[in-house]
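2 protein chains.
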Amino acid sequence: MVPAVIAVDAGGTSTRAAVVGLTGDVLGVGRAGAGNPISSGVELATANVVEACRQALAQSGNSERIVSSLVTMAGGANGSTPTDGLVARLIDSGVPGPLAIDSDVLSAYFSGSPASEGAVLIVGTGAVAGRISDGLLARVADGLGWLLGDAGSGFWIGRRAAIAAAADLDGRGEPTALTDDVLAEYGLSRGRRKRTGRPEVLSPLVHEIYGRRPIELARLAPIVLRHPDDPVASLILEGAANALTNTITSLLGDDDVPLVLAGGLIGPASALHDRMSQRLAGRHCLTATDGLAGAALMALRRVGAEANQAVHARLVAALAARTLPVGPLGASR
Amino acid sequence: MVPAVIAVDAGGTSTRAAVVGLTGDVLGVGRAGAGNPISSGVELATANVVEACRQALAQSGNSERIVSSLVTMAGGANGSTPTDGLVARLIDSGVPGPLAIDSDVLSAYFSGSPASEGAVLIVGTGAVAGRISDGLLARVADGLGWLLGDAGSGFWIGRRAAIAAAADLDGRGEPTALTDDVLAEYGLSRGRRKRTGRPEVLSPLVHEIYGRRPIELARLAPIVLRHPDDPVASLILEGAANALTNTITSLLGDDDVPLVLAGGLIGPASALHDRMSQRLAGRHCLTATDGLAGAALMALRRVGAEANQAVHARLVAALAARTLPVGPLGASR
Chain F
1 MVPAVIAVDA GGTSTRAAVV GLTGDVLGVG RAGAGNPISS GVELATANVV EACRQALAQS
61 GNSERIVSSL VTMAGGANGS TPTDGLVARL IDSGVPGPLA IDSDVLSAYF SGSPASEGAV
121 LIVGTGAVAG RISDGLLARV ADGLGWLLGD AGSGFWIGRR AAIAAAADLD GRGEPTALTD
181 DVLAEYGLSR GRRKRTGRPE VLSPLVHEIY GRRPIELARL APIVLRHPDD PVASLILEGA
241 ANALTNTITS LLGDDDVPLV LAGGLIGPAS ALHDRMSQRL AGRHCLTATD GLAGAALMAL
301 RRVGAEANQA VHARLVAALA ARTLPVGPLG ASR
Chain A
1 MVPAVIAVDA GGTSTRAAVV GLTGDVLGVG RAGAGNPISS GVELATANVV EACRQALAQS
61 GNSERIVSSL VTMAGGANGS TPTDGLVARL IDSGVPGPLA IDSDVLSAYF SGSPASEGAV
121 LIVGTGAVAG RISDGLLARV ADGLGWLLGD AGSGFWIGRR AAIAAAADLD GRGEPTALTD
181 DVLAEYGLSR GRRKRTGRPE VLSPLVHEIY GRRPIELARL APIVLRHPDD PVASLILEGA
241 ANALTNTITS LLGDDDVPLV LAGGLIGPAS ALHDRMSQRL AGRHCLTATD GLAGAALMAL
301 RRVGAEANQA VHARLVAALA ARTLPVGPLG ASR
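Protein chains in written order, with the numbering used here: chain F, 1 to 333; chain A, 1 to 333.
Don't read these hints as lab results, they were simulated from the structure. Please note that a few of the clues may not be correct.
Here are the in silico distance ranges between beta carbons for each label pair [stated by the list, open to error]:
{"hint": "1", "chain 1": "F", "residue 1": "117", "chain 2": "A", "residue 2": "38", "range": "54 to 62 Å"}
{"hint": "2", "chain 1": "F", "residue 1": "116", "chain 2": "A", "residue 2": "13", "range": "25 to 33 Å"}
{"hint": "3", "chain 1": "A", "residue 1": "219", "chain 2": "F", "residue 2": "58", "range": "53 to 61 Å"}
{"hint": "4", "chain 1": "A", "residue 1": "287", "chain 2": "F", "residue 2": "195", "range": "27 to 35 Å"}
{"hint": "5", "chain 1": "F", "residue 1": "197", "chain 2": "A", "residue 2": "44", "range": "29 to 37 Å"}
{"hint": "6", "chain 1": "F", "residue 1": "58", "chain 2": "A", "residue 2": "211", "range": "41 to 49 Å"}
All values derive from a computational prediction rather than experimental measurement. C-beta: ideal position from N, C-alpha, C; glycine also.
Isolated chain F, as found in the complex (with noise of 0.2 Å):
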């Protein structure tokens, strides 16, 4: 039987998993449901990271040796899990050993690049930021959520859209374009009539957003990225470009390795790449892939299998082709 592993990126809303040959190949594919333990609970993520396994497995044919599996997710992190027990509780449920928990972090450093030394910047609805030295992460910027940092991401982005927003419709604001594009967001649009002063819809608008947890308010952030040449939106987006930039200054210094950007905000379309490039001019800068290849590539680096540029590129291609739309249970495969 040809040796291979198990790689999986389990995330907050799907989880994939994919069997690698030691050389690269990849032998199956598998998809499910979320598979964050923390958000979902952890009897809902091993069954997800389960089912994907096992999906991976079948398309495979079953006919390989797992010597080694790997689970990447939001809170792993050097062999520490977001939830104790969950290790053991996938053995258990037949993911074969043995078996490593690692930051969704590294797996989205190591979609962009192969280097063993490398830094990644993360934005989506939050933002991270992590050095990796020797091929572990060595160090980590921000993350530290909504309340408390995330500067430049998604929610910081959203957040700033709303209360541009209330304070356009409050007199207290610059008027801007995004006022019409929030509040169409909540279905609302602005009236004649007044409350106190203020156009009474600036009401619903506050209850509608004090109704949703906060972290919804990141749903905003792509208005803002549609309007970058009005005056608000503009001072928004150089504001998170800002302190993004802070973010990886303060990671990385003058060290000139090469840095992955990965998350939706800062894709090559996205109006923030722009001021982003501009920022990072002189760094070698990469795009993030899928994160499934960089869990595939940090799989294969665990049983010291090689995992050069080619490897890489293989992996990275090999996945883009078998990612096309499945059903839940993988039905239409």
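Given the structure of chain F, go ahead and fit chain A onto it with the hints provided.
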């Protein structure tokens, strides 16, 4: 029987009532627990308003004919109440009618000035400003809560203290004297141990803060006020003063009316007060006194009784003399 009014200042932690003769004599006062129906529920709020009134009437000897009652609270405004059915409940429970509910923004204003034209800025956990015209609350600025507004408030300042401490520990921000005080507030202190390049204490700090309600960050505001010469704290205070000045300016423009400053954070001894005084030079600033004095003046205005400067001064002095600490049921009186 002498005609009199009842005035009630119903707050989030305590409720106070006064029986006041139409010439402005304070005939009796009473005190009970939380009286805001939004934060405490309509049942408890009703019970505490009723209890405070009962005590005030008992202290006055129940010898007056109550011609009108007025309750001021957060969320009340020009006849609208924060919860449906509150007026009916209070009347059913024996609070003498006709009964009206009005805004605590107005009672804060009238605690500092009897003039029918003016403005008030209240800076506590939140921040709100109001323009009073013809004795009514004509316009409001801010007061939009911790997530969307309250610019320059206790929460606004306290959250920035937490962010500054976290960024200091994270190596992203300036070192600041705030950090040790913020840690101490949660029973923590710096150690030498590190975790992925950061002081290990960052992790329990994050845990402590996310384990509480966001609004509780307002408790950190006094730390900033205690360090006015620290560069980071000074920047926060400058930002708060600018935001509060913007709120006032958006509301008042160049209108030359008295401006009442209310709330613990801009009291005369506060570092924020100094900064506000510079920015408001040229405006006629007054200091708020006891919200119950404002509510009493409003109750007198409602029935057409004299409510001039002399009556205002007498109400303030009489209530200051009466507000010695008492037991929860007024047992010591």
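These are the hints, each one checked on the structure:
1. F:117 to A:38: 54 to 62 Å: holds, 55 Å
2. F:116 to A:13: 25 to 33 Å: violated, 58 Å
3. A:219 to F:58: 53 to 61 Å: Given range 53 to 61 Å: holds, Cβ gap about 55 Å.
4. A:287 to F:195: 27 to 35 Å: holds, 29 Å
5. F:197 to A:44: 29 to 37 Å: holds, 33 Å
6. F:58 to A:211: 41 to 49 Å: The hinted range 41 to 49 Å holds for residue 58 (chain F) and residue 211 (chain A), with Cβ atoms some 42 Å apart.
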